[in-house]
Structure formats: C-alpha cells, structure tokens
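Number of protein chains: 4
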Amino acid sequence: MHNKIRLGLIGGGPRSFIGPVHRIAAYMVEEFDLTGGVFDVDFEHSLSFAKALELDSNRCYKDLDAFITGESKLPEDTRIEVVVILTPNYLHFEMAKKLIEGGFDIICEKPVTVYASEAEELSLLTQKHGTKFCLTHTYTGYPMVRQMKSMIEEGKLGRIQKVDAQYYQGWINPFIHDSEKRKQVWRLDPAVAGQSCCMGDIGVHAFNLIEYTTGLKVQKVLSDLETLYDDNPLDVDGTVLIRMENGAKGVVRSSQIASGEENNIIISVYGKDGGLKWAQEDPTYLHYLPEGEPAQVLKPGNPYNSEFAMDSTKIPPGHPEGLFDAMGNIYKGFSKAIRGESYFNGAFPGIEDGVRGMRFIEAVLRSNAEGQAWVEI
Amino acid sequence: MHNKIRLGLIGGGPRSFIGPVHRIAAYMVEEFDLTGGVFDVDFEHSLSFAKALELDSNRCYKDLDAFITGESKLPEDTRIEVVVILTPNYLHFEMAKKLIEGGFDIICEKPVTVYASEAEELSLLTQKHGTKFCLTHTYTGYPMVRQMKSMIEEGKLGRIQKVDAQYYQGWINPFIHDSEKRKQVWRLDPAVAGQSCCMGDIGVHAFNLIEYTTGLKVQKVLSDLETLYDDNPLDVDGTVLIRMENGAKGVVRSSQIASGEENNIIISVYGKDGGLKWAQEDPTYLHYLPEGEPAQVLKPGNPYNSEFAMDSTKIPPGHPEGLFDAMGNIYKGFSKAIRGESYFNGAFPGIEDGVRGMRFIEAVLRSNAEGQAWVEI
Amino acid sequence: MHNKIRLGLIGGGPRSFIGPVHRIAAYMVEEFDLTGGVFDVDFEHSLSFAKALELDSNRCYKDLDAFITGESKLPEDTRIEVVVILTPNYLHFEMAKKLIEGGFDIICEKPVTVYASEAEELSLLTQKHGTKFCLTHTYTGYPMVRQMKSMIEEGKLGRIQKVDAQYYQGWINPFIHDSEKRKQVWRLDPAVAGQSCCMGDIGVHAFNLIEYTTGLKVQKVLSDLETLYDDNPLDVDGTVLIRMENGAKGVVRSSQIASGEENNIIISVYGKDGGLKWAQEDPTYLHYLPEGEPAQVLKPGNPYNSEFAMDSTKIPPGHPEGLFDAMGNIYKGFSKAIRGESYFNGAFPGIEDGVRGMRFIEAVLRSNAEGQAWVEI
Amino acid sequence: MHNKIRLGLIGGGPRSFIGPVHRIAAYMVEEFDLTGGVFDVDFEHSLSFAKALELDSNRCYKDLDAFITGESKLPEDTRIEVVVILTPNYLHFEMAKKLIEGGFDIICEKPVTVYASEAEELSLLTQKHGTKFCLTHTYTGYPMVRQMKSMIEEGKLGRIQKVDAQYYQGWINPFIHDSEKRKQVWRLDPAVAGQSCCMGDIGVHAFNLIEYTTGLKVQKVLSDLETLYDDNPLDVDGTVLIRMENGAKGVVRSSQIASGEENNIIISVYGKDGGLKWAQEDPTYLHYLPEGEPAQVLKPGNPYNSEFAMDSTKIPPGHPEGLFDAMGNIYKGFSKAIRGESYFNGAFPGIEDGVRGMRFIEAVLRSNAEGQAWVEI
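Residue numbers (my numbering), protein chains in the order written: chain A, 43 to 419; chain B, 43 to 419; chain C, 43 to 419; chain D, 43 to 419.
Read the hints as simulated data drawn from the structure, not as lab findings.
A hint or two may mislead.
No more than 20 Å apart at the CA atoms, straight line, and that leaves these computed lysine to aspartate or glutamate pairs for DMTMM-like [as the list claims (entries may be wrong)]:
#: 1; chain 1: B; residue 1: K93; chain 2: A; residue 2: E418
#: 2; chain 1: B; residue 1: K314; chain 2: C; residue 2: D107
#: 3; chain 1: D; residue 1: K378; chain 2: C; residue 2: E123
#: 4; chain 1: A; residue 1: K198; chain 2: C; residue 2: E335
#: 5; chain 1: A; residue 1: K174; chain 2: B; residue 2: E383
#: 6; chain 1: C; residue 1: K93; chain 2: D; residue 2: D119
#: 7; chain 1: C; residue 1: K378; chain 2: D; residue 2: E349
#: 8; chain 1: B; residue 1: K223; chain 2: C; residue 2: D315
#: 9; chain 1: B; residue 1: K262; chain 2: A; residue 2: E418
#: 10; chain 1: B; residue 1: K314; chain 2: C; residue 2: D272
#: 11; chain 1: A; residue 1: K139; chain 2: B; residue 2: E394
#: 12; chain 1: D; residue 1: K170; chain 2: C; residue 2: E394
#: 13; chain 1: B; residue 1: K140; chain 2: B; residue 2: D105
#: 14; chain 1: A; residue 1: K46; chain 2: B; residue 2: D98
#: 15; chain 1: A; residue 1: K314; chain 2: D; residue 2: E72
#: 16; chain 1: D; residue 1: K314; chain 2: A; residue 2: E418
#: 17; chain 1: B; residue 1: K259; chain 2: A; residue 2: E394
If you want a taste of the chain D side facing chain C, the calculated C-beta under 8 Å gives, among others [what the hints assert, rightly or not]:
#: 18; residue: I66
#: 19; residue: E86
#: 20; residue: Y132
#: 21; residue: T180
#: 22; residue: N250
#: 23; residue: V263
#: 24; residue: M352
#: 25; residue: K356
#: 26; residue: L365
As the structure is a computational prediction, the values presented were derived from the model and not from experiment.
Ideal placement from N, C-alpha and C gives every residue a C-beta, glycine not left out.
All chains, full assembly: derive it from the sequences and hints.
Written as structure tokens, this is what we have:
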C-alpha cells in the first residue's frame, strides 16, 4: 500500500490551455495528489484558483523561489515531490535547473528548453542529482502508438527501411497573412518561442514519434524551411530529409500553413516484412500491413495487443478513450444542476430518461412475446 | 466562488469495471470531491481502496444503511451531497429509493431499474423530495452527439422523416455457443440482469440516442428478438421497428452476436432538409448531409459548433478527447518511476528525449540556414 | 478459338441512363459484338444511334416484333444470339416472353417483371426453351462481394446467425415533398413502376445481396413501409424483418428519403466464427472480423482472394476498377482533340507533360548524384 | 454525325498488362474503332489475338515498319488514324518518331521516353508535323482530380502555399531483398527501364498530379534516393524537395519499398484560403478544407461539381465508376454460360433470382398491407 505522490504545478492555472490536460492526467491515474504550486504569474489569480480546487492556500506560492523555499521547509512526508513545469518555453531551463537543485522530480512540457545546450546541461544535472524527469511528448501515451512500438520491437516489421512522419496543422494560416494579426501569435515571436516555430512546436513531435516507435535514432537531417513572408522570422513549415542510424531513409514533414488541417499527425514505418501506420486524429486504429497478407486493423483493449499497450487502456475494446470525457461532460452538466446554475438543455439524462428507457425495454419485450406486434410505449 | 460537491460511491471500487469511468469523470470536471462510500461488498476491500485513494476511512461504510445513517449525522457542510449508484442492476431501485428518502442527490448507472414501474416510482419520489437525479447515458456526453442535437433543434434537418440507430457488439458470441461458458455471463442470468440482456444493456442506448438527438419521443415499437438457443432465456439480439411521435418511421438495431464488432453504435437521422450521422467508434466526426450540397464533416472544438458542443470540449480542434488518456498514461508511467516500480520501457519520455528533440530542431535550422545541407544530429 | 457473341439491345439507346453501363460492360469483356437492336422507341433516334456506333442499319429495327422477325430470317452464324432488355419495367415480361419463344438468350435489367407470377412464368419458359437468362443484379459483380460469397462458402464465418443489409438513398427527397415535382418521377407512378417504388427498385438489391453472399434463402418477412404522404401511393422507405432458412434473423433496410445519401448500400453478415462487411460506395474494401483476432481489410487483386474474386478483377491491387474510367476519360478528351472539337483544358496530358516528366526525373537523379543539391528543372 | 476514329495498337496484346486498360478505355467512350496493330512481338500471338477480337487479320502487322507501310497504302478513310504505343519504355522514342513522321496521331504510355532530350525531340517533331499526342497519365482522368483542378483554377484555395504528393507502393519489396528474385523485375534493369525505377515509374505521377491540379510548374528539386542494396543500380524510393514557380515549397514522396502499400497515391494542396486532398485508392472522395469552415467531401456526379468534372462521370452520384466493371463481370459470367464453358457458381444472377426478388417484393407489400404481419416468401 502506498501513498499518493504530492504534485506541484508551475503555471497550468486558470488561464493555461495545457493546464487542464496535465491536471486531468494526474487525476486519472489516481496516483498523484495535487498539493500546491505557482499557478499563475498573477498571485491573485493563483490564489483563487487554489481556492476553487480546495487546495491549502499555504501551498500556493508567489513565484518559483518562494515555492522552493516554502516546500523545502516542510517535512519530507508532506513536501511536494514532483513539479510540473507548464510555463512559456523560454522559462523552462532556469526553472528546471532550480527545481533539480532543489531536489524535486520534474514533469516538463515540451520543448524541454530553447537550446540543445540547455537540455544537455539539464541532462547532466538530473544525473548528478538523481532527478526523475518526464518530458510530456503526449502522443507517445496513446495505446496504439505503444502497440506500434511493441510490434516493431518484437520484429514484426523486420529491418526498418523507410520512415515517414507528418504533423500538419493550419491554425497559423489566418494569422500569418496579416502582419497585424500575426503579432497576436507568441509562437511567431523569437523572444518568447525561441529559435523555431513550426519545427520546435510540432516537427519535433513527428521526430519523436519516429525515434519512439522504431527505437532507432535519427542521425542526419537536411531541411527545407518556409517562413512564408520575409518579415516573419520563424519557420511555419518545413520538410526534413532524415537518415536513421541503421541507414534507412525517411522524411519528417511539418506545417502550420496546411490550411484547414487540425492536428494531422501520421506516422508510417515500413520494414522488410511489413508496414505500420497510425494517425493521431483516429488514434484507436493501428494499421498493420504484413507483407503478402490482408491488412489488419488493431484496436486498443483487445487481448492480441502487447502487455504495454494493454496496460495503457482503461476500458474494453470499442470504447474510444474519449468515453471518459463524454462521462465527464455528464458529470459537469450535473454539477451545474446541483449548484442550481443554468446550463444547456440535455446536459445530463435524468430520471425521466430512465423511465422512458425501461418503458422501451418492456414494450420491446411485450411486442416480441406477442409475436412481433405493435406495442405503445 | 463555490466549494466542490461532496461525492459518495456505492460500488465502483477496486473490482468494478465502470468505477474508474465515473471516478475519472468526476475528477475531470474539478467540481466534485470524492469523499466516501461503500466501495465494495467486502468491507476489507472497501477500506483498502479508501486508503489507496487517501480518503478518510470514517467515510468508508459497510453498507448502504450504514452510509445513510453515518452521513446523516454529519453537519450539512461536511455531508456527502451526491451519491453514485454503481451496483448490479437489480439493486438500483431499492438503493435509489433509500437515498432519495435520505435526502441525497443521485447519479445512477443505467438501466435505472429492472422494471418500468420501479423507474416510475423513483420518478415520483424525486419529484416529492426535490431530488436531482442523473442517469449516465454516457454517449449523450460526446461533443458531436450534442452538436447533432443542437443542429436538429436549430432546424437544420427540417421535419425528421427517418431514424436509424444501431448498437452492434460481438462480445457475447464466444460465450453463447457454449452452455458452460455461458454461465460466466451474469447479463444472461435473469436473476441478476432482469428481463432483458441485449435490449436492456445496449438497445436502450440506441433508443436513448434517438430521443436525445431528435428531441422526439418514440411512440410505438414492434420487435423481433433472438435468444439463439432455446435454453438461453434472454435476448442477445433484436430489431425494433419504431414509430416516432411526429409519425416518422425508424428502426433500432441491437446485437451482442454481431461477431467481431466492439461497440459499433451508429445513429442516422434524416429530415426534409438533410441528414446527420454519427458513429461512436469515431466520435470526433459528425457527418452532415445537407440536401443538394457536398457532405460536411464537423469536428469538436471548432467555432462553427453550437455553444453546447463547444462547452463539451476541453481542447482545441484536432486533438481527440482521448488525448487526456494519452497524457494520463505518461503520468502513470512516471508515477511508477517515482515509486521505483519496474514498468514498461518507453512508458514516459525523459530528459534524453528532450535533448534529442532540441538537437533535432537545431540541426534542422542549421541545415536550412546552410542552404539545405546535411547536418548530423 | 471462338467468335464473339452477337448482342442485341432493346432500349439502352441515346436517351437511356442504364444503356451505357450495359454497352460498356459488353465491350469490356471483349466477348460480345454489339450487332443491332431496337435502341429507342423513336426509330429515327434509333437509327442515328446505330450510325454513330457504326452498326449495320439493317440490324436496327423499329420494334421488338420486327427485330424477332428480321433476325430469325438470318443464317444462324449471323443472327443475334443474346438480347439485352433495357425497357421500362412493365414491358419486361411481354418482351422476355417473345424473345424466349423466339430462341434468344436474354440479359434483363431488374426488376425482372412487375409481378412474381410473371417471373415464375418466365422461369418455366426458360426451362422449356433452354434459354440462358441473366438478370443484372450488378452489385453481385463487384470482386469483393464475390470474395465475401467465397469466404462464407468456405465456412470462414461458421453458421450464419445475423444478417443486416441496407440500401439508403436520398434522391427522391427533393421531389416527394412537392406534389408538382413529384409527377416528374416515373418510379412513383404505379402505372409505370408497378407495385412498389423503394422495395422494387432498391430494397430488392439488399435482399439479393443477402441471398447471394450467404447462399441462404430468406423465408419470411415482416415489413413496415412508408409513403410519407397520403397522396403518394408507393413506398419510398421501408424496414423488413427477415427470417433466413437456417433460422437466422436479420433485417433489410431501404430508403429513398434518407436525405443526402447517394447509394449507401451496406451488407453485414455475422456467423459463429466472425463477421464480414462490405459497402458499395467503398467497393474495394472487404472488412473481415474474425472472432478474437484483429480485423482484416481485404482488397481486390491480391492472391489471398478466392479464385472467383481474382477472376473478377482486371488490374493489380491498389488500383480501383474505376481506373478504367479514368483512362476512358483521357481517351474521350483525346477523341475531342482528334475531331478538332473544343473541350476542357486538361482533358488529356500531351507531349509537353512528357517532356516535363522526363526533366523532373533527370533533375531528381542529378540532385541525388550531386549529394542532394538543388537542381533546376 | 461523325465516324469512329480508327485506332491501332503497338503492343498491348495478349501478354500485356496495360493493354486491357487501353482497349477498354477506347471501347468505353464509343469514339474509337480498334482496327489493327502490332499486338505482340511474336506474330503468331499477334494474329490469334486479332482473330479473337474479330479484327481483319490484314491489319495485323509483323512489326512497326510493316504497320506504317501497310497502313500508309490504304485510302485515307480506311487508314488507322491514332496509334497507341504500349511497348517497353526504351522503345517509345524510336517508335513515336516513326509514327509522327508517318503521319499518325499518338497515344503513348508513360514514361514518354527514357531521356528528356528524346522527349524534347518528340515535342519538336509533333509541332512540325501537327501531330496530336496524348500521354496517358491516367490519374488525371479521375473525375475528382479534375474537380480539384477546377476548384484551384477558380481560386477556391487562393495562392498555393504548400504541396505534398505521395506515391507509395510495396510491390518491389519481396523482390529487392533477394538478389535472385530481383532479376525477374525488368524495372530494376537499367537496360530496359532506363535511368530510374521508382522516380521514372511512379514518382513522375506524383509530380504530374502536382502540376496538373495546381496549374503551376515545379521549378527546382532536391532529391534523396534509395537503392537499398549496393548491387541494385536503380532507385526504389526517394523523397524530393520541390520549389514551385510561385515560390511555394513542397515535397514529392515516392517509394516501392513501402511494404504492404498498393497504389497509395495522395495529393494535398494548401492555399491561403483552404486545402484540397485526394487519394487514389478512394478516388470518389475529394476532401475540401475551407479555411474556418467544416470540411467538405465532394463526390462525382453531383451538380455542385465543375462542368469538366461532371463531363468526366458517366453515372449518377453514389455509384463508384467501378460499377461498370461490376457489370462487366456479370457479362463475362454470362458469356461463359452462353459458350457452355464451366465457370464459377454465382457468376451471374439468373431468372430464379428474378423470381425470388419479385416474391420478396410481393411478400413485403403484403406484410405491410396486413399491418406488419409475417409473410412467407
């Protein structure tokens, strides 16, 4: 029997987009206890957020230094153990450094830093301090990405001979063409986003999925980047020829000006004995093309999956993991009702739906018993 | 500013399949505080479950009566407000009755009861006691089901003239053909499952989706049920002709012997001005067929959706809601590492992945800057 | 070595919609020689059609009687052997009768007649006269429908326990709601269309696919038909509960008011050991759901298919059969150019496209040879 | 009123794979009359092929020179006008040259020649002689490719800013890894195939689709080719960075070692105002992503298509063009029956299927008339 792991957040508060993804992930596994943090740069926002989540306001700090100082004073069995860094990219490095030195384990949003040299420094520091460090390349958490990794590991594809990974978005498109609107996009501002927009934000995911699924390193790259306008300093699109460590060739394709695309990530890996393909927008399907045989479609939760993939699914086959979100929406609707807040019609089914359902079932049974006769509900 | 709603569970503990779906849903919306309950029929299991979740063991009760007595003694601002009923079907009615009379609001798994008369009695009781009651027809929580409902409400389809809902599964197939294995399936046992297997378990979902999305009641049914073997008392398949209150005809199709199917739910609604189709295994796509125009594919999170559908999505377009689960898997992997437990290789990306990502980005930038030259990572 | 079979058409001329499908089918197999017929009720139209196809105008007849008399006078090795009946439904019976008695073999569009009694009479006549008779249930010609049939025959699904066939269209929708426009639709006129609109036109295809693929007869039906308006005499929608000869239950669903649907035919057959599903609008995919294993997707032309399915494909895997039509379009465009007729820009690729293609290939080779350098085309 | 165009074939006879595609295309449009040719290098094969097709054996020639001489002697209104070149690639140039000089119009399989310089020479020759020349880049004949071209022409996408074309196959995979089996593949033999395997055979299609749909020229390329083995001289895979004449960047991806892939051609074009995507294996769907609006799916035959796309479809919406092939298969089956040859069970529906269909319809009507009662067929 063990206790929950005490978790702190730096960022990820009321005005964060990625915050809920991390908080919900932490709740989901029932292994973490959200204990405190620095939820927002504005302390007032931070405090009221802590209150809403019914956290101890003493564990809500003004800034990272206060956090480290405050938590370090607490007894070991009370102190926050793991800190999630959800601040803008350019802050990751300094914060991670302080936290590592402060003895905390770390979960960090990507990109880990702005420069590779910083990441390397952090790597050395984690070794020195024995820090546990998790970088949230979220797509590697999908069950069928893990099944893909498992199948390649088991040798189902034989020697890998070709890889192709795509991450196409279109969201920057309406901004990039208007030099005024463009200023709203912090990712296009080198001061905040760092050296790269498209490659740093999404190309790196495609790269990561290749190394993750194949277990092979990319050794060399040749890239062709696009900024679209001369007065736009950062890349918004790029194609990268790659060479894997085993000699296989491949390509990483990444774009934020693929107008109309949402998060169209596709990874295809081909080996001597077959191919595997996965697309993020349809994450429950893994396409397996065994040489000379009919294509197969694997889905989560089925016993034919690897132990790793099986352990990455919480529900039986045929329910997309998004089922939890569907249920969450119903709980949300009900919470509004409990609080007497007005909300949308149809936000949760009530007892009358139960009555109707039971009447339906009974009418169906009676109709059948009477030899397929019409029965009123 | 409001406090979280105190939530209790009856059932849903360590040995429950549906328990995690409810707990995670409750965590997700950050509006509920799981406070106590009767987690398992075996009190020891129940207690150790409470401990694992770091709940106050005084709020872990032996049975429902103890729960009601115990909670009722507590001051109002401490007492559990909402109770989730996750016990076997045949217990729902008695439990719900006691809880309503005890002054609790209720979230109840479907089917709400075993007989319609029971559901009707509960309905009256909720009115008498002012009970808030939520029945978890989970599929109505999907953003695109809600978008479908909104579009029909807005009149996009005109008068509804045809409805067709399907719920095809195959999971009973390997059991039904073997009279020994069949005994393992409680859903086939009338003593536990009630009057119906297929219709009560899944047909009712198809029925519910029709009434939910169209806002129209089903008025009459004519059904044809299949038990497959004479010594199997309950239906495992059925087709139901239906007549809607507006006169439209339709069909509910439901099967647990559609071998190989997982949870193949499809709802199609056709009106004078177009059609709408949604499939549960691909829940992020809503297919809209406007009369005389190209088909449209709507996806969650896009501003063209209704306010209700928008409020039912937590992330921007193109990320399936299952993204939370992917992130949850990464948190899970990291929690194992924190605890020093052995787990799967690749369970979470670490600092080395961060280093590699940054090196990739920098190599890509250098290659481009050098006029598309090869650069080693 | 054999000669081509001499083919005649009754109907199917310049103003026929189905005519080209039959003529092209006949050309495709290079086994038939279109020799003559009664191409149109208007003899002038018929003659100029014959001229356009460069047929002998002596073999172009005024009516069926003239056709039978004329052809019967010719020597056996010249006489038309097979006649295709493409006239409105209500004429099929009388024409088929005369042709059978005249000693011709017959290809007939469906429905074969207006009444079952007529079909039965034709059946007896074909036996008496030794007539070869082909009814063009076209969908049974798709390679993957044949593969489905083969797999069921081979026992891949075990005992069939559930069938579901759908044919949903929406084309009548814009007509049915307007009593004036409705008159344009001959299918809604009992005098021409016969007893049924939806069932006779499309429901029967769904029925036929069930019997074709399973090899089992439908024994009983219970149907629910929809005419939508009281002053519309014929069905435009219907659901039919069915009972197969082996006791399996199933359903035939058919609609012409499924607004927005085109020719959405789906057939699903489930047996003790798995399921098979096929959809006409994606005809190159056969979905096979073997019990307990990953789903498979079979495609035409692959050696894992049955001999029958293989013999029903003319091109290697991965080229939809529609490739012939694509090539046909290019031939069409070129024929316009040859005749000096103005046509669409881009109707066929020319020598300049060849030049550009070769330059592309050479530039690509040079770029690679130079170590991945930029090369102008 | 015009006569059919007299067509000759060089190659494309009994042992040709591409022959039937051309012959059927020619039959389909009912504008060509296959008159003669050199069908096979072996004159005996050629003659018996002519006989099977009931062609005048005097128009069947031993070789190209005999063909040119023979046809040139014939009166103009008898002489073959258009010649289709279907011989191995390396013969195209010399043959085309002779035919141009002989006064014939030409349809030629791709690649047009082995070297760009040859293609350029042919181009000059066609100008000099006024030759009409068609290069069969078949994929440009698909209705939805033409619709894509039309929409880009109409400016639906605005300025093109990104293009991505893929042609992935896996068929060479089982050969390339075995140096013995490899010798069976003429495409890998430079003496026959020319300078390139993958790029020349399929990469050029991807290239062509880009120029065809966008109406823009590719200006520069940077390529990375793969031969997989040192003793394999020709490319079997390659990625090509491209720069369009309007400055847009893009990529052509082509592979014959994408194991398990069949003819996976995908073209994606993104502009300032939206995107368009088309995949050859699902040719009836054109995906249109208008900026800020729901995605649309366009299908052939619908009036919302361009005039050019409409003119490239022969049947109403919802029937894949492969329907012709399905019908062709039924004609094939019936031709076997006519000849008394044994063939597959189920190869064509007969009168008994007609009887059953009519009985089904009548039973359905009776059941409904009797208030949804069971009726035996």
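Hints and how they fare:
1. Restraint check for K93(B) and E418(A): the C-alpha separation of about 50 Å exceeds 20 Å, so the hint is violated.
2. Note on K314(B) and D107(C): the hinted pairing is violated, with a Cα-Cα distance of about 46 Å set against a maximum of 20 Å.
3. A threshold of 20 Å between alpha carbons decides the hint, and for K378(D) with E123(C) the separation of about 14 Å falls inside it, so the pair holds.
4. Restraint check for K198(A) and E335(C): the C-alpha separation of about 16 Å stays at or below 20 Å, so the hint holds.
5. About 13 Å separates the Cα atoms of K174(A) and E383(B), which keeps this hinted pair within 20 Å; it holds.
6. This hinted pair checks out: K93(C) and D119(D) have alpha carbons roughly 16 Å apart, not beyond 20 Å.
7. Proximity of K378(C) to E349(D) is assessed by CA-CA distance (about 16 Å); at most 20 Å being required, the pair is judged to hold.
8. A hinted pair counts as satisfied when its Cα atoms are at most 20 Å apart, and K223(B) with D315(C) qualifies at roughly 16 Å.
9. Using a Cα cut-off of 20 Å, the hinted pair K262(B) and E418(A) holds, with the two alpha carbons roughly 4 Å apart.
10. At most 20 Å may separate the alpha-carbon atoms for a hinted pair to count; K314(B) and D272(C) meet this at roughly 16 Å.
11. A threshold of 20 Å between alpha carbons decides the hint, and for K139(A) with E394(B) the separation of about 15 Å falls inside it, so the pair holds.
12. A distance of roughly 14 Å separates the Cα atoms of K170(D) and E394(C); the hinted pair therefore holds under the 20 Å criterion.
13. A distance of roughly 12 Å separates the Cα atoms of K140(B) and D105(B); the hinted pair therefore holds under the 20 Å criterion.
14. Under the criterion of a C-alpha separation no larger than 20 Å, the hint pairing K46(A) with D98(B) is consistent with the structure, at around 14 Å.
15. For the proposed pair K314(A) and E72(D), the alpha carbon gap of about 45 Å is over 20 Å, so the pair is violated.
16. A hinted pair counts as satisfied when its Cα atoms are at most 20 Å apart, and K314(D) with E418(A) does not qualify at roughly 56 Å.
17. In summary, the hint linking K259(B) to E394(A) is supported, as the alpha carbons are separated by about 12 Å, within the 20 Å threshold.
18. Contact between I66(D) and chain C, as hinted, is supported at the beta carbon level, the nearest pair being about 5 Å apart and thus within 8 Å.
19. With its C-beta approaching chain C no nearer than about 12 Å, E86(D) sits outside the 8 Å limit, and its interface hint is violated.
20. With a cut of 8 Å, the hint placing Y132(D) at the interface with chain C is violated, because the nearest CB-to-CB distance is about 13 Å.
21. Look at T180(D): its Cβ gets to within about 5 Å of chain C, closer than 8 Å, so that hint holds up.
22. At a threshold of 8 Å, the smallest CB-CB gap from N250(D) to chain C is about 6 Å, leaving the interface hint in force.
23. Against a cut-off of 8 Å between C-beta atoms, the interface hint on V263(D) holds, since the closest Cβ of chain C lies about 5 Å away.
24. Annotation: interface hint on M352(D) violated; nearest CB of chain C at approximately 10 Å, more than 8 Å.
25. For K356(D), the suggested interface contact is upheld, since its CB lies about 6 Å from the closest CB of chain C, less than 8 Å.
26. Contact between L365(D) and chain C, as hinted, is supported at the beta carbon level, the nearest pair being about 6 Å apart and thus within 8 Å.
The structure fails hints 1, 2, 15, 16, 19, 20 and 24 (numbered hints given earlier, in ascending order).
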